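Student: So the chains spell out like this:
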Amino acid sequence: MRPFDFVRPTSVDEALAAWEDGAAWLGGGTNLVDLMKTGAVAPTRLIDLSRLPGMRGIEVLADGSTRIGALVGNSELANDPDFAGNFPMVAEAILSGASGQIRNAATVAGNVMQHPREAWFHGPASDPLAGDTGKLAVLGTDGAPAAVNPSDFCVPLVALGAVVEIVGPDGTRDIPVADLHRMPTADDPRHTTLTPGELILALRLPPEAAGFAAHSRYLKVRDRTSFAFALTSAAACMRIEDGKIAEARLTLGAVAPRPWRVAEAEDLLKGQTPGPEVFATAAELALDGARAVGGNDWKIDLARRTALRALDMAAAGTPAEMPALPASVFGTQRKEPAHA
Amino acid sequence: MTDKTKITLTVNGTGHAIDVAPRKTLADALREDCGLTGTHLGCEHGVCGACTITVDGAPVRSCLMFAVQAEGADIRTVEGLANGPDLSPLQQFFIEEHALQCGFCTPGFLMLIDGTLKQSPDITDDELTEILSSNLCRCTGYRNIIRAARRALDHARTTTEPAA
Ligand SMILES: Cc1cc2nc3c(=O)[nH]c(=O)nc-3n(C[C@H](O)[C@H](O)[C@H](O)COP(=O)(O)OP(=O)(O)OC[C@H]3O[C@@H](n4cnc5c(N)ncnc54)[C@H](O)[C@@H]3O)c2cc1C
Ligand code: FES
Ligand code: FES
Numbered sequence: 001m002r003p004f005d006f007v008r009p010t011s012v013d014e015a016l017a018a019w020e021d022g023a024a025w026l027g028g029g030t031n032l033v034d035l036m037k038t039g040a041v042a043p044t045r046l047i048d049l050s051r052l053p054g055m056r057g058i059e060v061l062a063d064g065s066t067r068i069g070a071l072v073g074n075s076e077l078a079n080d081p082d083f084a085g086n087f088p089m090v091a092e093a094i095l096s097g098a099s100g101q102i103r104n105a106a107t108v109a110g111n112v113m114q115h116p117r118e119a120w121f122h123g124p125a126s127d128p129l130a131g132d133t134g135k136l137a138v139l140g141t142d143g144a145p146a147a148v149n150p151s152d153f154c155v156p157l158v159a160l161g162a163v164v165e166i167v168g169p170d171g172t173r174d175i176p177v178a179d180l181h182r183m184p185t186a187d188d189p190r191h192t193t194l195t196p197g198e199l200i201l202a203l204r205l206p207p208e209a210a211g212f213a214a215h216s217r218y219l220k221v222r223d224r225t226s227f228a229f230a231l232t233s234a235a236a237c238m239r240i241e242d243g244k245i246a247e248a249r250l251t252l253g254a255v256a257p258r259p260w261r262v263a264e265a266e267d268l269l270k271g272q273t274p275g276p277e278v279f280a281t282a283a284e285l286a287l288d289g290a291r292a293v294g295g296n297d298w299k300i301d302l303a304r305r306t307a308l309r310a311l312d313m314a315a316a317g318t319p320a321e322m323p324a325l326p327a328s329v330f331g332t333q334r335k336e337p338a339h340a
Numbered sequence: 341m342t343d344k345t346k347i348t349l350t351v352n353g354t355g356h357a358i359d360v361a362p363r364k365t366l367a368d369a370l371r372e373d374c375g376l377t378g379t380h381l382g383c384e385h386g387v388c389g390a391c392t393i394t395v396d397g398a399p400v401r402s403c404l405m406f407a408v409q410a411e412g413a414d415i416r417t418v419e420g421l422a423n424g425p426d427l428s429p430l431q432q433f434f435i436e437e438h439a440l441q442c443g444f445c446t447p448g449f450l451m452l453i454d455g456t457l458k459q460s461p462d463i464t465d466d467e468l469t470e471i472l473s474s475n476l477c478r479c480t481g482y483r484n485i486i487r488a489a490r491r492a493l494d495h496a497r498t499t500t501e502p503a504a
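Those protein sequence lines, which keep their order, are chains A and B. The first sequence begins at 1 in my numbering and counts up one residue at a time. The second sequence begins at 341 in my numbering and counts up one residue at a time.
In case anyone wonders, no lab produced these hints; they're calculated from the structure. These numbers were taken from a predicted model, which means no experiment stands behind them. Glycine is no exception: its CB is placed at the ideal position from the N, C-alpha and C atoms. Please note: incorrect hints may appear among the correct ones.
Unchecked claim - Sample of chain B residues facing chain A (criterion: CB under 10 Å; computed from the structure): (1) T345; (2) T394; (3) N475.
Isolated chain B (complex conformation) (with noise of 0.2 Å):
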């Protein structure tokens, strides 16, 4: 029952076929079998949303999920963000803003406040506080945070380019 099995995750488009036992969380997994070390691990029981990427466009904490679980879903992690050189809107306001200082938080901000523009674009102030509040970060303070993702939502109100 220790036996690894073998499935596809389909992770910013491209599928990676790797071999897992199935305890392996999603997290681990991106890490470890992937390669993608932008999502970060924090706690790991759920609590500060580092690990946050988007799993079929909703925002889930990789740290609460099995890999075997992800199985056939599309996976967008902060990889994925950025065309090439070109940083999305979201990532420009974060350094815009000041939005991050050493960073670790800042993954699991990024595809929470992603998911968010492409769920519910037209949320109130209030909302985003309210959405923002389930990750921690112990350097910014949040405001600066709460000011670029309120830039990047009036952004993809106002522009048909994609926002990330």
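The shape of chain A in the complex, shown without the other chains (with noise of 0.2 Å):
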């Protein structure tokens, strides 16, 4: 590994003082020790945000946000009971996501900010088809090769209408989750809508988006059904008032450089009284426009039944518990299924 200074700042204002050119921010570290490991990065400064103040907390504001500060670790957040009982398919994603020990030592704004796998696998500058092309996107690239976006934790936050608070050398700013990532470039190689230099404060989930606590589920479909990376999943939720869904919301993972929101899923559901037939509807409209490839048509179809089968498991509602091998095929506890 390259060698690299490394500072620990104590205010905010320190740490933007302390970034360089070449420079990156430390969180947890789970991601980026293995990136220089490889090489796919090399920092010339780290910054370990470690101890910046005021970062820890998760809180409810005035107008009934929450705001989650960046240094919150995965599994705090997941296991908090408030938390977990308001966002119950954010605990369910984050549970889902890598392993108890790497959970413990991630940061949230350190997994929005993850870099897509195929880096780890073979460096910055290697050619997407020449790796496993079956993790390759299928939405979003215009048919070009590209890596999904490998956060489970991100997905329900584009369903929630989560925001990003980000502070850099000219101020603050908030920025959409769904307007966070974006398909590296040859002339941009950045994945995500940050310049270098800006520094994520915290997360918010906007008050709304507690309103869908009853009816709200994480599925997530891997190779084995504990400690892997998504092939597909799903994040789907809904309103149910008088047996019809008031609003819904779905957004798919692994299918794309950025978690794939589908509006007009979401408009299709509107009014309609749950059932197999137009969640399969609305699976279908998830789907539009999808390409394969290198050979991974099977994405396609399995996205679209894991879009399917989600909206099912929510419209179910939300179980009790979080199933101990969280959204698993095996482990899930679904109420009443509306359809074998």
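Could you use the hints to bring the two separately framed chains together as a complex?
Tutor: This is the structure in structure tokens:
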């Protein structure tokens, strides 16, 4: 690993002042240390965020939104009873990602900023078609080979309209998590829309996000039922009033360089009675425009089925207890299956 | 910028004043600078769990963390489990249940289970299986490890004596 210098600021101002070209922010390090070992990234300076004050709280603000400090641990957030009660599919998504030891060390900001996994295997300049093409995106790339966004956490965050609070040399700004990720190009290798030197201070869920708590699921399909990245995933939630869907949210994971929220499917579901036909139509719409790259046609079909099943599970209701194998096809406790 | 920095790591309650480059992982610093080779390294990419230790009570992968990040933290390694010649109950259950063969994965499993015992001794069998799925063992087939872990959890719940 290339040498670097290590600084540990104790205020946000100091952290911003410590930034230089080639520097990187260090959260838990579970992604960055790995990328530095493979040589996929080689920062000249690491700015350790762990001593920054005021970034470890989970709080409800006066307007009813929930603010999660950038340094809150992945385990800590998923295991916070109030948070998990209000946003069960976010907790379910976190607990289905990585392993306990990694979640214990990982921060929420590091999770949303984690790099696409292809760089982990092949280094930054590798040919995406040379690797396991099954993992490549089928949406949002205009048919170009590109890695998917690997974060489970980001999928329900996008479904719930979460925003990222950012501070940089020019002050603060908010951007929706939905606009945080981008497809790297030859001219611009960034996988997020942050400008180098910008720092995430917190994530915020809007007040209405807790309204979906009763019908809210994250379904992750993977090669094995534990400790593997998603082949496909879906966050689905709805508010059901008088037997009808008052509002639904649907976001797919592991299909595009960013979480793939499908407004058309959400619009279609509004006002409908929950049921297999309408969910099938919504799932079909969700994959509209999907294109296989290098033989990963199966991913399109799997993603469609994942969306359908997630909607079905959400309609059945959030389970009273989080399944021990979160969202595994074997471990889910479905109440009344809407169809076989 | 290749300069080493002086840090003190608190491992199993003992301070180790060491000189390390910032790029040295915690696992390497424990093994090479603190002389604590009980922590093993398998994949070095967070996948196998052999390097699991606890930091401030929580099991973590010591291969995915720089030593400088652990400054000031309460670090626990497999060397801290036994009290002199007396094995901890968890270690004893590992022997009784044949939960190890070559032993390469054992320190990682012991520290994972030890951390779990202290953090959440009330977990169900399913949760235990899910937690243990993060570590790889090429020898035992896992069933014996799960049995030893279950006994240690039950022991921790039913005795006032420290479980590990
Ligand atoms: C074996 C393995 C399996 C995994 N499986 C999964 C999985 O199934 N699902 C899943 O979702 N994830 C998985 N992960 C990834 C894991 O979730 C991430 O490694 C973790 O969330 C990163 O958090 P961190 O705090 O350690 O980030 P770091 O490694 O510290 O940082 C990651 C990136 O974020 C940047 N960053 C950190 N903090 C900030 C900030 N405040 N502002 C701006 N930028 C910042 C860093 O500069 C770096 O580029 C896995 C990882 C491993 C090693
Ligand atoms: S050596 Fe750390 S997880 Fe394999
Ligand atoms: S005992 Fe040999 S790897 Fe587990």
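Student: Now, for every hint given, state plainly whether the structure supports it.
Tutor: A quick look at each hint next to the structure:
| no. | hint | result |
| --- | --- | --- |
| 1 | T345 | 7 Å, holds |
| 2 | T394 | 9 Å, holds |
| 3 | N475 | 8 Å, holds |
Checked against the numbered hints given earlier, the structure satisfies every one of them.
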